[in-house]
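2 protein chains.
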Amino acid sequence: MVLQVIRFFNKVFTRRVSSHTRSIIFRQLFDDVSSTYTYLLGCPITRECLLIDPVVEHSKRDFKLTKDLRLQLKFAINTHMHADHITGTGYLKALSGCKSVISKASGAQADILIDESDIIQFGDHILKVFSTPGHTNGCCTYYLPEQEIAFTGDALLIRGCGRTDFQEGNPRTLYRSVHDKIFTLPKNTILYPAHDYHGMMCTSVDEEKRLNPRLTKSEDEFVEIMNNLNLGYPKQIDKALPANKVCGVFDIPKDEPLDEV
Amino acid sequence: MVLQVIRFFNKVFTRRVSSHTRSIIFRQLFDDVSSTYTYLLGCPITRECLLIDPVVEHSKRDFKLTKDLRLQLKFAINTHMHADHITGTGYLKALSGCKSVISKASGAQADILIDESDIIQFGDHILKVFSTPGHTNGCCTYYLPEQEIAFTGDALLIRGCGRTDFQEGNPRTLYRSVHDKIFTLPKNTILYPAHDYHGMMCTSVDEEKRLNPRLTKSEDEFVEIMNNLNLGYPKQIDKALPANKVCGVFDIPKDEPLDEV
Chain A
137 MVLQVIRFFN KVFTRRVSSH TRSIIFRQLF DDVSSTYTYL LGCPITRECL LIDPVVEHSK
197 RDFKLTKDLR LQLKFAINTH MHADHITGTG YLKALSGCKS VISKASGAQA DILIDESDII
257 QFGDHILKVF STPGHTNGCC TYYLPEQEIA FTGDALLIRG CGRTDFQEGN PRTLYRSVHD
317 KIFTLPKNTI LYPAHDYHGM MCTSVDEEKR LNPRLTKSED EFVEIMNNLN LGYPKQIDKA
377 LPANKVCGVF DIPKDEPLDE V
Chain B
137 MVLQVIRFFN KVFTRRVSSH TRSIIFRQLF DDVSSTYTYL LGCPITRECL LIDPVVEHSK
197 RDFKLTKDLR LQLKFAINTH MHADHITGTG YLKALSGCKS VISKASGAQA DILIDESDII
257 QFGDHILKVF STPGHTNGCC TYYLPEQEIA FTGDALLIRG CGRTDFQEGN PRTLYRSVHD
317 KIFTLPKNTI LYPAHDYHGM MCTSVDEEKR LNPRLTKSED EFVEIMNNLN LGYPKQIDKA
377 LPANKVCGVF DIPKDEPLDE V
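Here the protein sequences line up with chains A and B, keeping their order.
Sequential numbering of the first sequence, starting at 137, is according to my numbering.
Sequential numbering of the second sequence, starting at 137, is according to my numbering.
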C-alpha cells in the first residue's frame, strides 16, 4: 500500500512537473532599435494570450508568433506610456481584435484602464497589477504569482532603473515603488524589465536587492544620484508620447496591409 | 482521510512546483555584434555552473554574472567551432579556472573533448550530448532532460538553420541531424539556438517541425535550398577560426587586466 502510494505519487508528481514546466507559454522578444523587450504570455489550455510592451515596428512579427503558437491575442498591454518607442498596441488591435490595456494613471487612452490590485486574466492564468510610479505616474509592474515572475517595465532595470527627469519622473516616488512593491516580492522572483542595453535578459529580486548600484543606496542618496545623471534628451520622445497617448485607439497604418502578415 | 490526503498532496505538490521553477539557474545572454546567444546554467544547491557559447568580448560580463549569482564556473562549452565570433572559453579559463569543452569532431583544442552520448554534469544536473553535424563536423546539441530544453547551436535556428557552405558544411548531414536527433526530442522541448537575427529568443520542437521553412521540406528539397543560398563570405571567419581552433587554451589578452572584472 505504501509502495503503491509512493508509485502513484511519483507518477502524478512526474506528470505534473513535466506539465508544469509548460503550464504557461512564455516568450521574450527584442527590438534592437530601442532595446525594448516585449513579452508573450499564453495559456496552453484555452490558447488565450497577451503581449506586454509590444513595439509598433514588430507588430506583425508578434502577431505572427501568436498565430504560429496557435494562440488568440486577448490583450496588448503596456507597463507605462513609453517615451522611447511607439507602442504596438494600436496596430495589434487592428491585426487581431485584441483589447488594449494601460494604467488609468498613465493618462493614455486604451480599451481597458487598470489600477493597483487589478487582476488581468488570460485563460487559466492571472497577472496581478502593482502600481509602481516614479519613472512616470502610470508605471505598473505585472506579477505572475504562479511562476514568481514579474514584468517591471522601466521601474526597475537590470542593475539600473528608469530615468526620472522627464514626463512625471520623481526619484523619491520611484525609490518607494521599488522598495515597497518590487522588493517585497519573493526573493527568487525573476524580474523581466522593459529594456536592457548590455545583452542581459532578466534578473531577480535577490540580485537587485544585493547588487543594484542605485537602489541599494539610501533614499536620499538615490535621489541625489537620479537628479545628477545629466542624460541627453530622449531621441524618440516627441514622436512617441503623442502616439502612445492614444495607443489603445491608434489606427493601423494605411501603407501596411494586413494580408502581408 | 481523503481530505487529509488531498491537503497533503496539495501541500507537497505546491512546494515541489514552487521549488521546481527554480530548481535550476538559467540565463540567456546576447552579443549584438554577432547576434550570438550565450547560456548560463547553474545548480542552486552546489553552485556549480557552466556557460554555453560565450563570446570573447563579453567574458568579463559573463564571469561577473557567475559571481553575482554566487556560482562557480566549472565548464565553458562550445556547441561547435564558430566562424562568426571568437569564443570566450579561453578568456574564461584564465578568469575563473574553468575547464573548456568542445566536441572531439570539431578539431579544436580544449581541456575536455566530448562525443555523442557523453554526459556533462554540473551540480545535481546533467546535459546530454547529441552529435548534430552538418553545419560543421563537430556541431553538438546539448539537452537538459529535466527541463526539456536543448541548446542547438547552429544546427537548428528559429525558423532556419546554420549555413552549409563553409567549414565542413553538408546539407544532407544537417538534415539528418535535425530530423534524427533534434526532432525526436519531446515536442514541447524548448530549443535555444546559438543565434537569432529577428529578436526571437527560443522556439520549440513542435514549432520547427510544423513551421521551419527549410526543414519541413524533403531531404532533397532541403539540399537544393541550402546549395543555392548564395550567401556572402562570413566577415569574421578568417579571424575567428584560427582563434577558435585553440579556444580551450587561448591565453588571456595582455591588455585586459583581471582586476577590472
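If you're looking for bench data, these hints aren't it; they were derived computationally from the structure.
Heads up, some of the hints might be wrong.
Identical chains blur together in the list; that is why a pair holds if it fits in one copy or across any two.
Said to hold, decoys possible - Restricting the straight-line Cα-Cα distance to at most 20 angstroms, the calculated cross-link-like pairs of lysine to aspartate or glutamate (DMTMM-like) are: (1) K196 x E343; (2) K196 x D356; (3) K345 x E355; (4) K240 x D251; (5) K371 x D301; (6) K353 x D204; (7) K203 x E304; (8) K375 x D301; (9) K235 x D342; (10) K264 x E304; (11) K203 x E184; (12) K200 x E343; (13) K200 x D332; (14) K200 x E355; (15) K200 x D374; (16) K323 x E282; (17) K264 x D204; (18) K345 x D260; (19) K345 x D204; (20) K323 x D204; (21) K323 x E284; (22) K323 x D260; (23) K196 x D332; (24) K203 x E282; (25) K196 x E355.
Note that the coordinates shown come from a computational prediction; the quantities given were computed from them, not determined experimentally.
Homo-oligomer pair classification [D374, K200; C-alpha up to 20 angstroms]: Neither: 29 angstroms inside a copy, 37 angstroms across copies.
Reference check for the pair K323 and D260, CA-CA at most 20 angstroms: within, between, both, or neither? The answer is neither: 25 angstroms in one copy and 22 angstroms across copies each exceed 20 angstroms.
Using 20 angstroms as the alpha-carbon threshold, which applies to K323 and E282: within, between, both, or neither? For K323 and E282, only the intra-copy Cα distance (14 angstroms) is at most 20 angstroms; the inter-copy one is 24 angstroms.
From the Cα coordinates, with 20 angstroms as the cut-off, is the pair K196 and D332 best called within, between, both, or neither? between (22 angstroms within a copy, 17 angstroms between copies)
Have a look at K323 and E284 and pick one of within, between, both or neither, based on CA distance no larger than 20 angstroms. within (9 angstroms within a copy, 25 angstroms between copies)
Check K200 against E343 for me: Cα-Cα at most 20 angstroms, and say if that holds within a copy, between copies, both or neither. between (34 angstroms within a copy, 12 angstroms between copies)
Intra- versus inter-subunit Cα pairing at 20 angstroms for K353 with D204: Only across copies: K353 and D204 sit 18 angstroms apart there, 45 angstroms inside one copy, limit 20 angstroms.
I want to check one pair: K196 and E343. Are their C-alpha atoms no more than 20 angstroms apart within a copy, between two copies, both, or neither? For K196 and E343, only the inter-copy Cα distance (18 angstroms) is at most 20 angstroms; the intra-copy one is 35 angstroms.
Indicate which option fits the pair K264, E304 if close means a Cα-Cα distance not exceeding 20 angstroms: within, between, both or neither. neither (23 angstroms within a copy, 51 angstroms between copies)
As a check of your reading, is K196 near E355 (CA-CA no more than 20 angstroms) within one copy, between copies, both or neither? Classified as neither; 42 angstroms inside a copy, 30 angstroms across copies.
Pop the pair K203 and E282 into one bin, within, between, both or neither, using alpha-carbon distances up to 20 angstroms. Neither way: K203 and E282 sit 25 angstroms apart in one copy and 28 angstroms across, limit 20 angstroms.
Check K371 against D301 for me: Cα-Cα at most 20 angstroms, and say if that holds within a copy, between copies, both or neither. The answer is within: 14 angstroms in one copy meets 20 angstroms, while 41 angstroms across copies does not.
Checked against the numbered hints given earlier, this structure breaks hints 2, 7, 9, 10, 14, 15, 17, 18, 22, 24, 25; the rest are met.
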